[in-house]
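Undergrad: Using the sequences and the accompanying hints, generate a full structural model.
4 protein chains.
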Amino acid sequence: MSLREKKVAKRKKDLLMSAIAIIGEKGYHSTTMEEIASKLLMTKGSIYYYFKDKQDLVYQSQKILLEQSNENIEEVLSEDLPYDEKLKKVMVVHIEYLITEQSGFVMGTNPEQFFSGKQLETILMLRDRYGNYIKQLIAEGVKEGVFTEVDEKIVRNIILGAMNWVVTWYSPNGPMDKTTLAKSISNYLLKIVLK
Amino acid sequence: MSLREKKVAKRKKDLLMSAIAIIGEKGYHSTTMEEIASKLLMTKGSIYYYFKDKQDLVYQSQKILLEQSNENIEEVLSEDLPYDEKLKKVMVVHIEYLITEQSGFVMGTNPEQFFSGKQLETILMLRDRYGNYIKQLIAEGVKEGVFTEVDEKIVRNIILGAMNWVVTWYSPNGPMDKTTLAKSISNYLLKIVLK
Amino acid sequence: MSLREKKVAKRKKDLLMSAIAIIGEKGYHSTTMEEIASKLLMTKGSIYYYFKDKQDLVYQSQKILLEQSNENIEEVLSEDLPYDEKLKKVMVVHIEYLITEQSGFVMGTNPEQFFSGKQLETILMLRDRYGNYIKQLIAEGVKEGVFTEVDEKIVRNIILGAMNWVVTWYSPNGPMDKTTLAKSISNYLLKIVLK
Amino acid sequence: MSLREKKVAKRKKDLLMSAIAIIGEKGYHSTTMEEIASKLLMTKGSIYYYFKDKQDLVYQSQKILLEQSNENIEEVLSEDLPYDEKLKKVMVVHIEYLITEQSGFVMGTNPEQFFSGKQLETILMLRDRYGNYIKQLIAEGVKEGVFTEVDEKIVRNIILGAMNWVVTWYSPNGPMDKTTLAKSISNYLLKIVLK
DNA sequence: CATGAATGAGAGTTCATTCAT
DNA sequence: AATGAATGAACTCTCATTCAT
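Chains as they are written, first to last, in our numbering: chain A, 2 to 196; chain B, 2 to 196; chain C, 2 to 196; chain D, 2 to 196.
Be a bit skeptical, because a hint or two may be false.
Identical chains share a label here; the pair holds if one copy fits it or two copies do between them.
Listed next, the in silico EDC-like pairs over lysine to aspartate or glutamate satisfying Cα-Cα at most 20 Å (straight line) [claimed, not checked]:
no., residue 1, residue 2
1, 154, 178
2, 40, 178
3, 184, 150
4, 89, 141
5, 53, 150
6, 89, 75
7, 27, 122
8, 179, 57
9, 11, 68
10, 184, 102
11, 87, 75
12, 179, 152
13, 196, 15
14, 184, 152
15, 7, 75
16, 89, 122
17, 192, 152
18, 7, 26
19, 154, 97
20, 196, 85
21, 53, 35
Hints are computed from structural coordinates only; laboratory data are not their basis. Computed from a predicted structure; not experimentally measured.
TA: In structure tokens, the structure reads:
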């Protein structure tokens with residue numbers, strides 16, 4: 002990748018991050034192109050050099066988040082850990098990532114409200130992939146006798162809900178730092194599946 | 002209340018319900034006054050006879066939801082039940098109400114995005130009241146030895162998150178009816194606090 | 002048609018006429034919604050109460066012109082006149098209408114530049130219908146021995162071109178009024194087909 | 002002219018031709034600098050090295066067309082031919098040039114829509130010059146008794162209109178090649194002035 | 001010379017809001 | 001009480017234009 006291309010990639014990434022942050026805070030419709038741009042000292046017109054339109058920018062920003070989430074979980078899954086510890090680590094990583102990126106957008110709403118067609122498909126696919134990883138992990142833990150018998154889908158959704166909800170109530174000024182909090186939450190959730 | 006006043010009150014309620022339904026489906030900004038009105042065969046201009054502006058309409062619609070939720074929980078709390086069963090019933094009622102009203106809006110996002118000033122205060126107050134009921138219930142259950150020692154705030158938030166998340170994945174076409182589902186979820190969540 | 006509907010129809014017609022006039026003068030792209038509206042002391046936003054978008058407004062304005070042209074020619078064709086006089090009258094009416102409405106837009110450009118899909122189809126159909134009337138008239142005149150043998154298509158296009166071109170050079174300040182001019186042009190063009 | 006200057010002149014010519022072609026097809030406003038440039042594998046920024054702005058580029062492109070047209074007609078006029086054949090040749094050359102360059106742009110619309118000031122003056126001057134050549138030719142033909150008595154201005158405009166209109170209906174896939182067509186049209190038009 | 005990147009003015013469009021009827 | 005019609009502010013998007021490299 003040439004220097005130029007790197008610069009473009011960097012700028013794109015910057016814009017995506019800017020979009021993620023502001024959309025996470027204000028929501029899709031309240032976020033204007035102006036705001037996204039001005040955070041980087043650009044003007045709104047410039048965004049269109051990098052992205053086709055607002056849809057495209059937002060879509061890509063959400064895609065990145067989901068892709069990163071999938072990478073995160075894949076790494077944890079590949080580690081050699083007992084099922085209970087693995088599930089716990091999955092949760093901790095998820096919560097920490099969520100808090101770090103304030104990425105409560107797609108995670109926390111119907112993507113159907115914002116995307117359609119090919120874009121929606123991709124988003125849903127990435128979401129499903131992520132969900133399946135957790136479901137599988139639970140199912141295996143059950144099969145191996147580490148976890149108790151549960152409906153994997155429902156428990157997966159309970160866990161996802163509890164974790165994603167964190168962005169609505171976490172405050173950096175609270176008594177716990179994000180890692181401690183993430184561990185605490187994970188411990189409680191683990192009780193659902195432990196024998 | 003005169004007949005005329007009753008009619009006005011009825012119309013208001015209709016509009017609030019219409020707003021709740023559409024906003025629950027499409028989100029605040031994607032919902033237009035036109036849509037809210039046309040569901041009742043009115044024109045958008047008429048709404049302004051009943052409500053000051055969109056803000057006001059939405060605010061009141063969300064207030065109703067939260068007030069009803071508080072009434073729901075207060076009724077359950079007043080019943081004479083053991084702590085575990087009481088908490089379970091609280092959850093079941095919450096989930097059923099959520100699904101019935103599709104009221105995932107305020108429940109599922111930062112009210113700060115949409116309200117401010119006095120309105121925000123009221124919404125937050127109602128939310129807090131609801132949250133406190135659950136926190137108290139947990140705390141008492143712990144004190145009485147029915148529940149195990151837990152951080153009531155965190156567990157409360159876990160429970161709320163898991164429950165509120167339901168609206169994003171519940172499908173009426175799924176294998177479980179909403180009551181069965183609500184019971185199932187509640188059972189799993191109960192494990193967090195049970196000894 | 003109720004009074005209300007009449008008013009709406011009137012307003013629509015006004016907007017179409019405004020659009021025709023300005024587009025005839027400045028062209029499609031240089032004509033702004035603002036200009037079209039302000040000619041009627043409205044604001045551009047109001048246009049969208051009557052028309053879906055600019056495309057729609059322009060399309061309908063051009064459709065009206067072509068439909069009126071077709072009605073004009075149909076009326077002349079239905080009259081009981083010898084072929085040469087009939088063709089002459091067709092031309093006179095065409096030229097006068099053109100000058101009156103300054104309607105050189107669709108008449109004078111590729112509709113493909115501005116319309117597509119169903120709209121383009123309709124425009125082309127109306128254009129073709131008009132062209133066919135003239136072609137038929139020539140063909141019949143030839144068959145009846147009033148006109149000399151000619152390629153009807155080419156002659157039709159020559160006649161249409163000469164007539165439509167008028168809008169680019171006619172000046173109301175010239176020595177001839179529009180009727181005299183129209184008659185003069187028609188006489189010259191008639192020589193192409195006369196024996 | 003140095004090599005460098007020659008290169009610049011060549012590049013300029015290329016850009017003008019590119020502009021003529023695309024504008025002929027899509028119209029002034031729908032043609033972007035990007036398109037004009039990309040046809041020559043350049044980027045739009047480069048255009049500004051050769052032309053002051055879009056106006057300038059378009060103006061020069063239209064000027065070239067008109068100048069070439071004038072040269073064309075001057076050459077024909079200088080030939081030693083009878084008036085009828087001369088007029089016919091003028092028409093054939095005009096039509097062929099039009100079709101070859103698809104140059105229906107300025108020829109086919111009010112230059113007032115696009116130019117003003119000095120530029121407009123020049124364009125109009127070139128147009129007038131061209132028109133005058135034809136008017137003169139007709140007038141002389143009349144005086145010499147080859148043509149019948151006609152209003153030279155009106156007939157000139159009829160002829161120009163019929164010819165310029167060709168670009169809107171000529172199709173390379175039609176039954177006639179462009180020379181045959183040009184001759185045919187010219188023959189018909191000649192009938193207007195012949196005795 | 002050429003380009004990549006940025007700019008900003010201006011266009012079309014949406015929609016909450018108003019108000020005479 | 002309701003509505004039709006109009007408004008205007010805000011937003012997305014386009015594109016001619018500029019300029020450092």
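Undergrad: Under a CA distance limit of 20 Å, which applies to residue 179 and residue 57: within one copy, between copies, both, or neither?
TA: neither (31 Å within a copy, 36 Å between copies)
Undergrad: Pop the pair residue 89 and residue 75 into one bin, within, between, both or neither, using alpha-carbon distances up to 20 Å.
TA: within (14 Å within a copy, 35 Å between copies)
Undergrad: What label fits residue 192 with residue 152 when the C-alpha limit is 20 Å: within, between, both, or neither?
TA: both (14 Å within a copy, 14 Å between copies)
Undergrad: With identical chains treated as interchangeable, where does the CA-CA distance between residue 7 and residue 75 reach 20 Å or less: within a copy, between copies, both, or neither?
TA: Cα proximity of residue 7 and residue 75: none, with 27 Å in one copy and 58 Å across.
Undergrad: If the cut is 20 Å between Cα atoms, do residue 179 and residue 152 qualify within a copy, between copies, both or neither?
TA: between (29 Å within a copy, 16 Å between copies)
Undergrad: Using 20 Å as the alpha carbon limit, work out where residue 196 and residue 85 are close: within a copy, between copies, both or neither.
TA: both (11 Å within a copy, 19 Å between copies)
Undergrad: State whether the alpha carbon distance between residue 7 and residue 26 is at most 20 Å within one copy, between copies, both, or neither.
TA: So residue 7 and residue 26 fail the 20 Å test inside a copy (29 Å) and across (38 Å) alike.
Undergrad: Are the CA atoms of residue 196 and residue 15 at most 20 Å apart within a copy, between copies, both, or neither?
TA: neither (46 Å within a copy, 48 Å between copies)
Undergrad: Between the shortest in-copy and the shortest cross-copy C-alpha distance, which are at most 20 Å for residue 89 and residue 141: within, between, both, or neither?
TA: Close inside one copy (14 Å), not across copies (28 Å); limit 20 Å.
Undergrad: Classify it for me, residue 184 with residue 150: is the Cα-Cα distance of at most 20 Å met within a copy, between copies, both or neither?
TA: For residue 184 and residue 150, only the inter-copy Cα distance (16 Å) is at most 20 Å; the intra-copy one is 23 Å.
Undergrad: For the identical chains here, do residue 154 and residue 178 meet the 20 Å Cα criterion within one copy, between copies, both, or neither?
TA: between (30 Å within a copy, 15 Å between copies)
Undergrad: Go through the copies and call it for residue 27 and residue 122: within, between, both or neither, with a Cα cutoff of 20 Å.
TA: Between copies only: 18 Å across, 25 Å inside.
Hint compliance for this structure: hints 2, 5, 8, 13, 15, 16, 18 are broken, all remaining hints hold.
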